[in-house]
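Q: From first to last, the protein sequence lines are chains A and B.
According to my numbering, the first sequence is numbered sequentially starting from 2.
According to my numbering, the second sequence is numbered sequentially starting from 2.
Everything labelled a hint here was simulated from the structure, so no lab data went into it.
None of the values given here were measured: they were computed from a predicted structure.
A couple of the hints might just be wrong.
Which copy is meant is left open, so a pair is good if it fits within one copy or across any two.
[As the list claims (entries may be wrong)] In silico PhoX-like links for lysine-lysine, alpha-carbon gap of 25 Å or less:
| hint | residue 1 | residue 2 |
| --- | --- | --- |
| 1 | K64 | K350 |
| 2 | K350 | K58 |
| 3 | K454 | K539 |
| 4 | K473 | K527 |
2 protein chains.
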Amino acid sequence: MTETALANLQNLYRIFTVPEAPDSTLGSVDHAISENVADFLQKHIVALERSLEDIEKDFSTSKIPEEPSFVSAYTEFVKQKLVAQSVHTAAPGFVGHMTSALPYFMLPLSRIMTALNQNLVKVETSKAFTPMERQVLAMLHHLIYRQDDSFYEQWIHDSQHALGAFCSGGTIANATALWVARNQLCRPEGSFAGIAQEGLFKSLQHLNCNGLAILASQRAHYSLGKAVDLLGIGRDNLVLVDTDDDNRIDVDALREEYSKLCEKNIRPLALVGIAGTTETGHVDPLDELADFAAEVGCYFHVDAAWGGPTLFSRTHRHLLNGINRADSVTIDAHKQLYVPMGAGMVLFKDPHSLSAIEHHANYILRHGSKDLGSHTLEGSRPGKAMLVHAGLSIIGRKGYELLIDLGIEKALSFADLINTHPNFELITAPELNILTYRYNPAWLQEKMARLDKEQLQQINLLLDFITQEVQKRQREAGKTFVSRTRLRLARYHGEQISVFRSVLANPLTTTEILTAVLEEQCAIVKQTQVQSFIEKIKQIIV
Amino acid sequence: MTETALANLQNLYRIFTVPEAPDSTLGSVDHAISENVADFLQKHIVALERSLEDIEKDFSTSKIPEEPSFVSAYTEFVKQKLVAQSVHTAAPGFVGHMTSALPYFMLPLSRIMTALNQNLVKVETSKAFTPMERQVLAMLHHLIYRQDDSFYEQWIHDSQHALGAFCSGGTIANATALWVARNQLCRPEGSFAGIAQEGLFKSLQHLNCNGLAILASQRAHYSLGKAVDLLGIGRDNLVLVDTDDDNRIDVDALREEYSKLCEKNIRPLALVGIAGTTETGHVDPLDELADFAAEVGCYFHVDAAWGGPTLFSRTHRHLLNGINRADSVTIDAHKQLYVPMGAGMVLFKDPHSLSAIEHHANYILRHGSKDLGSHTLEGSRPGKAMLVHAGLSIIGRKGYELLIDLGIEKALSFADLINTHPNFELITAPELNILTYRYNPAWLQEKMARLDKEQLQQINLLLDFITQEVQKRQREAGKTFVSRTRLRLARYHGEQISVFRSVLANPLTTTEILTAVLEEQCAIVKQTQVQSFIEKIKQIIV
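Build out the structure end to end from the sequences listed, making use of the hints.
A: Right under this line is the structure:
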């Protein structure tokens, strides 16, 4: 071996054997985060936005570096180019998306998880993490389905069955539920070996129908669109039913859509209820949906990725009445269980359900083993369930109840702020902790009530420009943040308008901050370019 | 608010605002891991195995605790019940699965990633992480496809296109590739709107065929089975082609299977080559497969989840010749890129490919945005790409080359140890860094050469018992670990036998450790219960 080769080899061993010194660049960053993560983020994330095109220049090399580089140099790069230009998702004024501050204990526990580097696909690479994950699934199952002790004693650690599947997020959770629903509908029967074996084409021939369909409201999460594509059902057969004025599925419209499917000889494979729509936070009438699903004999899934933890709240859990009648329920842990990104779950009422997608392999996932990989869409997976276990254990039911109650109260008071403010129009009032609104001064709202459809359209278009421009500038300024979306509203003849969307899940968000959000928006409207839209509106109205 | 309620609220705020004190239980654990993770794992993971049934007792409550609990108490639980009973996947003697020691810098960098808690689905919640992930995909794309600079300048940050998709692991990566392949074959044409829109049933009617099929070798990863189920193709149409004596797909057999499909009017939607089979580490003849795919006009995917990083090695990369002709390639970062669990990628030769599965939504993933979520199966995702970026930057091409070369050399010397040992039979020699073998003393091997098929079967059955028992006892003793699988072997008339499987990816594994693995296995064979199988073998042979 040459001298260089030997040196390289020694350097290589060093990165696997010599810990970062506490006073090294990376050691100091690590220490700073351990000491006070909020402080670290506050100090290192640059508020003022650089354009994405500009940031891209720091990530433009497409070649893997030939030579190794020092950890210290790389850490400097991370600090200056990556951390500095990240989004401060934990900031109390960042009330636009579904990320929040995390409980402090999540960080050191995440490090333990990463250090252990278990692989949950198989007991041989996860041991205690396997029963721990199964326990987490049982706990969430109990939160939803409230079966008695003997039920859980029987199923919690029964390797041939599963109370749910742990996933990287809600999209995989929803896809898993609909995969199960599809495979149950197209199950083996007589000489037909089932869809898992024979595929969808032969399944439809066997069922003697022209297609399969999934029914959900217009407010359904985009993951359902991915799922129907993935599962071979096709987006044409994702039937998005109209909603009522409160963004809940219209059950009469659902009945109509169902009849239309029957006429076309298309079999509904699942009805999906939403417990907390992503855009407005509303909850479908789950009990009514369960009735309907039972009546027509259809699988019933509830997407409670956002709203599931509302079940912790004695005050608000009634909103989810009927969820225990669902065949399966999606809950995201990285949302209102306050776990870092990358943790979702789908729970199944019947411990036999997941058998519909069971799979085995010789070198892994042997029949009869306790390996979790045989019941999940994903293969190798990290031990993220540990962080859910930690949250449930440390925060407890009562702690989560407080978080949920606080969020809903905060949303209600934000709605009050908006309603009483002369410059804003509340678009959707919060049922959970999400609301939408837009800039629309009282004088204009008053006039709009008397405009015809065409004039309204013109005004709404200009208000859309304002919403888009304000949201963009507010984000770029980096002090506070709301997101935006587009909603169809009955009050504007079903026209689609742009709105600000606010999610009140961060316990550190205060009324003062929310007031500041509105003030900043008013200040942005006063900027020349935005004012020009106001001028145009005045021209139309006069 | 009552006094209790106020106290609860204050406690709740505390977990979001007050960092763990350095001298707290969790603070100390955190410090110990920062100081020296290897030492921490060594000290806290209990080597001797408790039975899973016993461990399950610590995770048997199905109710979410009503009351919050102290972080210190929970940390004690984690130390004693979870960490102690985990698997020491980083141990140099743990050579049975695809986990290894991690470079030290991965832990503090993981903490930065967790602290930032970015969500890669959308630029608004990830900013610099978006171009960073796109750069990582471009780097891996370049490693495989070696396009020129202008190619990457054009595509690296083009929001309407993608060089690949970052996933939670290889299973999702393979599913994504086959989803793309399926949707490309069933693309919109004339009045047919494509499978994403109309579904699989109408696609087959449109293509006028009886089914779709995927072709791969018998050694294909189980994720292909999941994918054909998920995508509606059916396991009957996953055609697993025979392999040659070196566990590579037999191209003549492939041609035959292809002809059979044509006769049945089933369209092959993809041919999958394997670059590093999970069980034996062999690489399919990729160039020949690319020829065949080109000849019959079929999508060509390569599952290089394990073997992809062999491309770093100037000595061994020739084994993967032809990989640059694949339409898509899966590479797992949590395998031979030495990144913590939960990171995989699929790269596409053509930046237009992922358009086949593109999707949009109003509140997120707007058309024309740079949001990554429109091109991935998953929705919300963590910034794991950062750790791949770190590995590529700090270790560099040359560092990874050393790791790959070391692993293959080590596998070759382990094979020598086995070959020269009087008690073992090498079953599959390593091509990359994986090999299989079993306990089978020289005297018995000699006799077996002269036995008839029936006698061989009896002996092999008993040897299987020995392999299974030794593997189990070795795992339980917790000193060293190999995995096991079952393989069909030509030398035993295609009979399936149990074998030990060893993966040599941990740079800290030494020849001394590998010698100890064999010694421990010999010692276990001497235990009474295992000896009884040897006695039975002797009875048959005599």
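Q: So, for every hint listed, does it hold in this structure?
A: Structure-based check of all given hints:
1. K64 - K350: Only across copies: K64 and K350 sit 16 Å apart there, 49 Å inside one copy, limit 25 Å.
2. K350 - K58: Between copies, since 23 Å is at most 25 Å while 50 Å is not.
3. K454 - K539: within (17 Å within a copy, 94 Å between copies)
4. K473 - K527: within (15 Å within a copy, 73 Å between copies)
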